[in-house]
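> Each chain, written out:
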Amino acid sequence: MKELLVGKLTWDSLPHEWTTIGGTFTIILTGIILSVVLTRTKRWKWLWKEWLTSVDPKKIGIMYFIAGGVMLLRGGLDALMIWLQQALSSGDSQGYLSAQHFQEIFTAHGNIMVFFVAMAFIFGLINYIVPLQIGARDLASPLMNTLGFWLFIGGIIMVNMFFVFGGEYAATGWLAVAPLSGKEFSPGVGVDYWIWSLMISGVGTTLGAINFIMTILKMRAPGMTLFKMPLFTWGSLCSMMMAVTVFPLLTATLFLVYFDRALGTHFFTTIGGGDPMMYTNLIWMWGHPEVYVLILPAFGVFSEVVSTFSRKSIASYKSAVFGMIGVSAFALSVWLHHFFTMGAGADVNAFFGVMTMVIAIPTSVLVFNWIATMYKGRIRFETPMLWFLGFVAVFAIGGISGVMLAVPPINFQMHNSLFLVAHFHSTVIGGVLFGVFCALSYWFPKFTGFRLNERLGRYAFWCWIVGFCMSFIPMYVLGFMGASRRLNHYDSSTGWQPLFILMLIGGIVIAVGVALQLAQILASFIQKKRLLDTTGGDPWDGRSLEWSTPSPPPFYNFVTIPKITSSDAYWEMKKQILPKRSYEDIHMPKSTGVGIYISIFATLASFAFVWDIIWLIVVSLIAIIVIFVIRGFSEDSEYIIPAHEVQRLEEARIAKAPIATNAHENNSSEEDMGLRELIMVVYRFVMDIIKNKRWKKW
Amino acid sequence: MVEQAISHHEAEANDRVMFGFWIYLMTDLLMFAVLFAVYAVLHRNTVGGESGHELFSLPLALSGTLLLLTSSFTVGIAMIAARRGNKTQTLLWFGVTFALGLAFLCLELWEFSTLIGEGQTMQTNAFLSSFFVLLGTHGLHIIFGLLWMGITMGYIIKRGLNSNMLRKLAMLSLFWHFLDIVWIFIFTIVYLGAFV
Amino acid sequence: MAVNRKNRLKPGWIGLLVLTGLVDLGLLIAYLIQGKNIALFNPKGVIAHEQFSLMMFVSAVLFAVAIPVIFILFFTAWKYRESNTKAKHVPDSRHSKLFVLSLWLFPTAIMLVLASVMWPATHRLAPQKSIDSSVKPITIQVITLRWKWLFLYPEQGIATVNFVQIPVNTPVKFEMTADETPMSSFWIPNLGGQLYAMTSHVNRLNLMADTTGDYPGSTPEINGAGFAGMKFTARVSSDKDFKQWVQTVGQSESNLDTATYGELLLPSQNNKVALYSAFDDSLYDNVIMKYNGSMEGHGHHE
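Going down the list, the protein sequences come from chains Z, X and H. So the first sequence is numbered by this note's numbering: it starts at 1 and just counts up by one. So the second sequence is numbered by this note's numbering: it starts at 699 and just counts up by one. So the third sequence is numbered by this note's numbering: it starts at 895 and just counts up by one.
Misleading hints may appear alongside valid ones.
[Claimed, not checked] Capping the alpha-carbon separation at 27 Å, the derived lysine-lysine pairs in DSS-like fashion look like this: (1) X:856 x Z:218; (2) Z:376 x H:991; (3) H:973 x H:1030; (4) H:1137 x H:1184; (5) H:1125 x H:930; (6) H:1125 x H:1137; (7) Z:590 x X:866; (8) Z:228 x Z:563; (9) H:973 x H:1067; (10) Z:228 x Z:218; (11) Z:575 x H:1166; (12) Z:376 x H:904; (13) Z:376 x H:930; (14) H:1067 x H:904; (15) Z:42 x Z:590; (16) Z:183 x H:991; (17) Z:376 x H:982; (18) H:904 x H:980; (19) Z:580 x Z:563; (20) Z:575 x Z:376; (21) Z:376 x H:1166; (22) Z:59 x Z:42; (23) Z:228 x H:991; (24) H:991 x Z:318; (25) Z:529 x Z:59; (26) H:982 x Z:574; (27) Z:49 x Z:656; (28) H:982 x Z:318; (29) Z:183 x H:930; (30) Z:218 x Z:59; (31) X:785 x Z:590; (32) Z:8 x Z:218.
Just so you know, the hints here were simulated from the structure itself, not pulled from any lab data.
Put together the whole structure using the sequences plus the hints.
Structure (structure tokens):
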């Protein structure tokens, strides 16, 4: 009877080990604090109406950034725990984590960083910027947008759910190779949480990818042919084409793993005719294109930043485009290079080795293109450009190590070693993460109307570079010394410990860098007035369409959709005298809670699948279908802003906008707020609250 | 004629939605592609048990194929009727399609229960796992399709045929044709393949 | 939106600082790893030697290209910085077709060079390929268990756990499989590359050591909680010492009978070295058949 009601849940499933209780407390505490603040400031309704049910891609983009940022901290904490364990557990010491727990931590670290940080930031950027760049007001399907976001949140909930129920996550590595992830070798619920968190967020990603492709291909402003699109949009298009192709593969594979575990099928089992090697093939057919899904938008960002900050159009637009298309096309043909050592014959290995090298060609073309763009430009070195230079240095190391790994005989000595780990962190941190930081500092003025504190941004940048070198150069060396990845303990005779300690110090420096980035955001908000963008939305003298809108853009993006005549559309527009503004009716989609409702039931269904709670599975799936049907047949999803209302809104906005003064006046007398100043401001603020007992007012 | 007075805005939206639906169908096809690949790799792994040659009934599979093919034909007629604005004919032909789809489903369920009754379940070996999951996934899609069809017919009765409804019907018929095409692949690769 | 840069370091100085820092880091690391086994640079076997040469060649080519390119990039960034009013500024250049062509041809050429080296090397260094030698090869069967290594010497009739001894300058054929263990990887970095050991499959790895000594072996592929402790020692000795050792083990009291093997099958971590004087001839084949019966037409990788 009890099993019918709560499936496999028992009292033992509640957290009772010190290792997970910390996480449990943090989640509960955060929830309580947020609820209290929202209740006191009476903002529940505002939150629901303005943000949670919004279909405005700008708002959804910001929410993706916040979620990704929080998960960055969570994944970074995992990283610190890994560094600490490996620095301690040499010889007689076993460190402070059990092998099982350590293995769960690096698995969670990988999943969170790839799915819930990198994908989050990328989706946030595409959501916010692409419609602005192509002259659209919204994505093709606002409903799919909000649904995709909330399914992603469902994935975040599921990947953290073990803190509340179950106490264990997968201990198999981030891709849960078979047969280790099968029922025989991983009997607990950890792998089930892995399956379902990736399942729902994977569906969300697929929906998002379909949406972005529809938008880019069907909603560009008149005159913007494909070869006049900005390069960030191109990068996003290539990325989403790959995503839409390979995420269904992941979904199918996850189902098969689930069936093996829950229904006793024999897809990847060692007995009964199953074939674990097939899992390896399937999961990497998804896994490799996935990393290119992450990097291509970053390449797009860098192309735009280099061009804007060099005050020069990109050297060869067509090469940049074909470079990105080339990368995405070939990304689908290299997956075997992740398991050269599984025993395929020399012909197969050599073929995939060659294909992997082929990808280096379009990537190099992109780099040469950037150099040629800077040549005879007039370069400014604000923070976005710094991140670009950092990317070049770090990603180059990643690329070199990647080509080395692509040679099968060399791969045999480096597979699953720390050399491999250093390689992919160089490319993912140097490429994707630095690309995200570059994009965020580049477009921050567009999101908020004021720019970021440059000084703290520079400090953060250098902390990241120094920390990265201190942490990952020793890792390459450890790879040469024959150190494998994922080790929770090693002999002292190997001599690896000093390098692990060096890596831990590097990790702490990176943590300081992250703290400085948070400080940077805080300082920017504090000095908002001083950092205000008075140029009317174009602080960097930009070249693409998003800079023609005010900062932040109104919810309808453009008053009238512009007509495009060339690439670098806004640059051309700035050279001409614009026609007089005319107002017309604007169709906008209505906010909807459908995304949230469906995701709640999807998350409940996932939870029920993990714990075998059959009735909850059935009820949730039926609820999802019912909501879909009701929404599918509703005819009331849009509203119209009449032209005179648009005019009124515009005039009100212009009246409130900061007066465009001489841009140089503002900042020439002093530098942005430094760290000491910031600490003083925060200290005085806190003291003020305590002294004047302001907390009594709340 | 239903397609007369739609605004430019609506026509653009229709075009967009259809395009998006095509992309979704391709993702669904990719999921099936994985299941086909898995079947191709695993169908000989019977652990000494019986293979498809011994277990499948070609007449049964052929009957199912004919039912689905016919239902694709009838759904096509239904769409023609819908574009002409003929509510009765539309409902009639969607009803026929529904019946044919239901009959197909019953045949498949009957085949499954026979196999399971003989002790040939998805837990028996890898061949049967991949067989049941491939056909089961297709069957699940058919169930969704029938559900969608039934609800749509209800809405047609309630609201009649307008341009919005036409777009939804287009997607439904596209989905139904897609399922038929996937079945052709299943019939060829799974059933015919077992007897070659 | 100009930002005051009065108090900041000039880019030239920053570059110098960065280089100094990197050099310092490199020196520190070099100091810390003195006298340790930097396995990939310390080849003690024929295969490892070739892999090392290949690594050197490939990285030489890559660095030869990458370092100048990176340098040019940073130099370009520095030369055309805003404050350098002497540099020419051309806001909207359209580049010639020749430029675009060379943009693509240059990386293609580099990759062609690398690929032309890589293709034959992959065939030459395929793990399944027997090693050319006048000396008769010995075969060692490897069964990966949770979480230890079982080595069977079919020609010598002895078996060991977590220890393998081989004669120098003799080709060794390792035939590996697994029993009740997820995928593992067999790796002796000083002697050559790794290869996966999986249930119901036999993967063949050919190695030949050319220097006597003790070398560490492990599994880089995670296979459960005890994975970090799944290590073994590979001892390379002279042929005479090897024959001596085989004799000694042949006289050991322990016997790898069914009961003992059953105990080994149970999960255990950090196992000590064990030596067995005899084992059932059909053990290895039985282990494969246990799973091989599940797959018709599977079993051996050529």
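> Work down the list of hints and note, for each, if the structure agrees.
Hints versus structure:
Proximity of residue 856 of chain X to residue 218 of chain Z is assessed by CA-CA distance (about 33 Å); at most 27 Å being required, the pair is judged violated. Note on residue 376 of chain Z and residue 991 of chain H: the hinted pairing holds, with a Cα-Cα distance of about 19 Å set against a maximum of 27 Å. This hinted pair does not check out: residue 973 of chain H and residue 1030 of chain H have alpha carbons roughly 64 Å apart, beyond 27 Å. Restraint check for residue 1137 of chain H and residue 1184 of chain H: not satisfied, since their Cα atoms lie roughly 33 Å apart, outside the 27 Å limit.
Between residue 1125 of chain H and residue 930 of chain H the CA atoms are separated by roughly 18 Å; this keeps the pair inside 27 Å, and the hint holds. Restraint check for residue 1125 of chain H and residue 1137 of chain H: the C-alpha separation of about 24 Å stays at or below 27 Å, so the hint holds. For the proposed pair residue 590 of chain Z and residue 866 of chain X, the alpha carbon gap of about 20 Å is at most 27 Å, so the pair holds. Restraint check for residue 228 of chain Z and residue 563 of chain Z: satisfied, since their Cα atoms lie roughly 12 Å apart, inside the 27 Å limit.
For the hint pairing residue 973 of chain H with residue 1067 of chain H, the CA-to-CA distance comes to about 58 Å; that exceeds 27 Å, so the pair is violated. Between residue 228 of chain Z and residue 218 of chain Z, the direct Cα distance comes to roughly 14 Å. Compliance with the 27 Å bound is thereby established for this hinted pair. Distance check on the hinted pair: residue 575 of chain Z and residue 1166 of chain H sit about 79 Å apart at the alpha-carbon level, beyond 27 Å; violated. For the proposed pair residue 376 of chain Z and residue 904 of chain H, the alpha carbon gap of about 20 Å is at most 27 Å, so the pair holds.
The straight-line distance between the Cα atoms of residue 376 of chain Z and residue 930 of chain H is roughly 49 Å, outside the 27 Å bound, and the hint therefore fails. With a C-alpha separation of about 60 Å, the suggested pair residue 1067 of chain H and residue 904 of chain H falls outside the 27 Å cut-off, and the hint is violated. Note on residue 42 of chain Z and residue 590 of chain Z: the hinted pairing holds, with a Cα-Cα distance of about 23 Å set against a maximum of 27 Å. Between residue 183 of chain Z and residue 991 of chain H the alpha-carbon distance is near 59 Å, which puts this suggested pair outside the 27 Å criterion.
In summary, the hint linking residue 376 of chain Z to residue 982 of chain H is supported, as the alpha carbons are separated by about 6 Å, within the 27 Å threshold. In summary, the hint linking residue 904 of chain H to residue 980 of chain H is supported, as the alpha carbons are separated by about 17 Å, within the 27 Å threshold. For the suggested pair residue 580 of chain Z and residue 563 of chain Z, the alpha carbons sit about 13 Å apart, so the restraint of at most 27 Å is met. Taking the CA atoms of residue 575 of chain Z and residue 376 of chain Z, the gap is near 21 Å; set against the 27 Å cutoff, the hint holds.
Taken as a hint, the residue 376 of chain Z and residue 1166 of chain H pair is broken in the structure, with Cα atoms around 67 Å apart against an allowance of 27 Å. About 20 Å separates the Cα atoms of residue 59 of chain Z and residue 42 of chain Z, which keeps this hinted pair within 27 Å; it holds. Only pairs whose Cα atoms come within 27 Å are accepted, and residue 228 of chain Z paired with residue 991 of chain H is accepted, the gap being roughly 19 Å. A C-alpha spacing of about 11 Å is found between residue 991 of chain H and residue 318 of chain Z, which places the hinted pair at or below 27 Å, so the restraint holds.
With a C-alpha separation of about 23 Å, the suggested pairing of residue 529 of chain Z with residue 59 of chain Z holds against the 27 Å cut-off. Taken as a hint, the residue 982 of chain H and residue 574 of chain Z pair is honoured in the structure, with Cα atoms around 23 Å apart against an allowance of 27 Å. Using a Cα cut-off of 27 Å, the hinted pair residue 49 of chain Z and residue 656 of chain Z holds, with the two alpha carbons roughly 24 Å apart. Simply put, residue 982 of chain H and residue 318 of chain Z have alpha-carbon atoms about 25 Å apart, close enough for the 27 Å limit, and the pair holds.
For the hint linking residue 183 of chain Z to residue 930 of chain H, the alpha-carbon distance of about 41 Å lies beyond 27 Å, and the restraint is violated. For the hint pairing residue 218 of chain Z with residue 59 of chain Z, the CA-to-CA distance comes to about 22 Å; that is within 27 Å, so the pair holds. For the hint linking residue 785 of chain X to residue 590 of chain Z, the alpha-carbon distance of about 31 Å lies beyond 27 Å, and the restraint is violated. For the suggested pair residue 8 of chain Z and residue 218 of chain Z, the alpha carbons sit about 48 Å apart, so the restraint of at most 27 Å is broken.
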